[in-house]
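Novice: Going down the list, the protein sequences come from chains W and A. Going by my numbering, the first sequence opens with residue 11, and the numbers climb by one from there. Going by my numbering, the second sequence opens with residue 11, and the numbers climb by one from there.
Since the hints were derived computationally from the structure, they do not count as laboratory data. Hints are not guaranteed to be accurate.
[Said to hold, decoys possible] Distance windows between CB atoms, simulated:
hint, chain 1, residue 1, chain 2, residue 2, range
1, W, LEU139, A, GLN190, 45 to 53 angstroms
2, A, GLU37, W, GLN190, 43 to 51 angstroms
3, A, SER134, W, ARG162, 43 to 51 angstroms
4, W, GLY204, A, PRO53, 28 to 36 angstroms
5, A, LEU51, W, GLU135, 24 to 32 angstroms
6, W, ARG45, A, GLY129, 31 to 39 angstroms
7, A, GLY70, W, ALA96, 19 to 27 angstroms
8, W, THR87, A, MET11, 27 to 35 angstroms
[Stated by the list, open to error] Below 30 angstroms or equal to it, Euclidean Cα-Cα: the simulated DSSO-like pairs (lysine-lysine) are:
hint, chain 1, residue 1, chain 2, residue 2
9, A, LYS12, W, LYS138
10, A, LYS32, W, LYS132
11, W, LYS12, W, LYS32
12, W, LYS125, A, LYS132
13, W, LYS125, W, LYS12
14, W, LYS132, A, LYS132
15, W, LYS138, W, LYS125
16, A, LYS12, A, LYS32
17, W, LYS125, A, LYS125
18, A, LYS32, W, LYS138
19, A, LYS138, A, LYS125
20, W, LYS125, A, LYS12
21, W, LYS132, A, LYS125
22, W, LYS132, A, LYS138
From the three backbone atoms N, C-alpha and C, an ideal C-beta is built for every residue, glycine too.
Protein chains: 2
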Amino acid sequence: MKLYTYFRSSAAYRVRIALNLKGLDYEAVPVHLLRDGGEQLQPAYRAVNPAGLLPALDDGAAAIGQSLAIIEYLDETRPQLPLLPADAAGRARVRALALTVAADTHPLGNLRVLKYLTGELKISEEMKLGWQHHWMATGLAALERLLADDARTGRFCHGDTPTLADCCLVPQVFNAQRFQLDLSPYPTIMRIHGACAELPAFQQAHPAQQADAE
Amino acid sequence: MKLYTYFRSSAAYRVRIALNLKGLDYEAVPVHLLRDGGEQLQPAYRAVNPAGLLPALDDGAAAIGQSLAIIEYLDETRPQLPLLPADAAGRARVRALALTVAADTHPLGNLRVLKYLTGELKISEEMKLGWQHHWMATGLAALERLLADDARTGRFCHGDTPTLADCCLVPQVFNAQRFQLDLSPYPTIMRIHGACAELPAFQQAHPAQQADAE
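From just these sequences and the hints, can you work out the full model?
Specialist: Here it is as structure tokens:
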């Protein structure tokens, strides 16, 4: 099983966590987002994922893009150590938490978006950082409310074992820390982040632990 | 079953299509995104969805936010007329197509993002339209490649019956048309859009057909 990955890609980081949590071996194939105008846009990678975005998983049976689709696929085809709860309402909650990061928060701080802001729109570095902070804070505030207001939140986002939601939470906190966002308004998120950080599955998926880390 | 909706919300439009495709009755509860600084941010709606974003579904058993999580929940709890294929690889593909719209394309053209661009960043209306066109074109180009390059594409995004992917494709094309994007580079998307537009489920979910349309 091959995972096309870049050490700092938030979406690839999610899938690395999921693979580790499920105890699945994989070969990491690095794709450099900045080299040659973006290796993910070159024909070699487009043959794997025509969308030209990271990550992609190829297990021989299917080549799949989109981190959340990959994690759902892994959970369906390798059901040991499930990353989604058994009940439909619980699965809906976990998916909604994951999408609060993956659809509402992370896309606005993506590398290509930041490039457009400073390139096409010519905004200053200070305003770019303001943009990053604004959308990370907005997304994390929504996530904090969803977690803090719900009795189903446990040691992790949903109960006492990690789920798809935790696979999304941790890389988003990593991004926020990287850009020095004040995280004190999100105590529930940070408590869960601390619980995740104790587990080898999360530790080994960290950007700094990847073979392509710079 | 109540759906909290706004006629022009792309994410609410997706769920309206899904409900119609599955033949499910629902009560539409309008939440006005522009009135009173956004009704979705007021306490009455926050009690339903603490994230303060549309849509939300409440079927008595669960209150759920996030359009894709809602549609997956409907498909799991009301399995008639499924919106996801039976095989894991097919489900992964449909989810990846849906996320290409819901995570990679639509969040960048959201109302709150456009407000930040003109408000905080003080960019011109012309540059705002350029931003909208750029990200819609980027997202639709990825979607076009994923559809055109794959034999599993049929009359609809995946085979010959509508899926979750079509629930996302149609509202994104509506947005693109609303802002006069040139859609000629996306013949596969537009062919599928035409097939969807023939079905009452899509027609009745259209923004112009909603009770809160302006």
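Novice: Taking each numbered hint in turn, which are not upheld by the structure, reported in ascending numerical order?
Specialist: 1, 9, 10, 18 and 20
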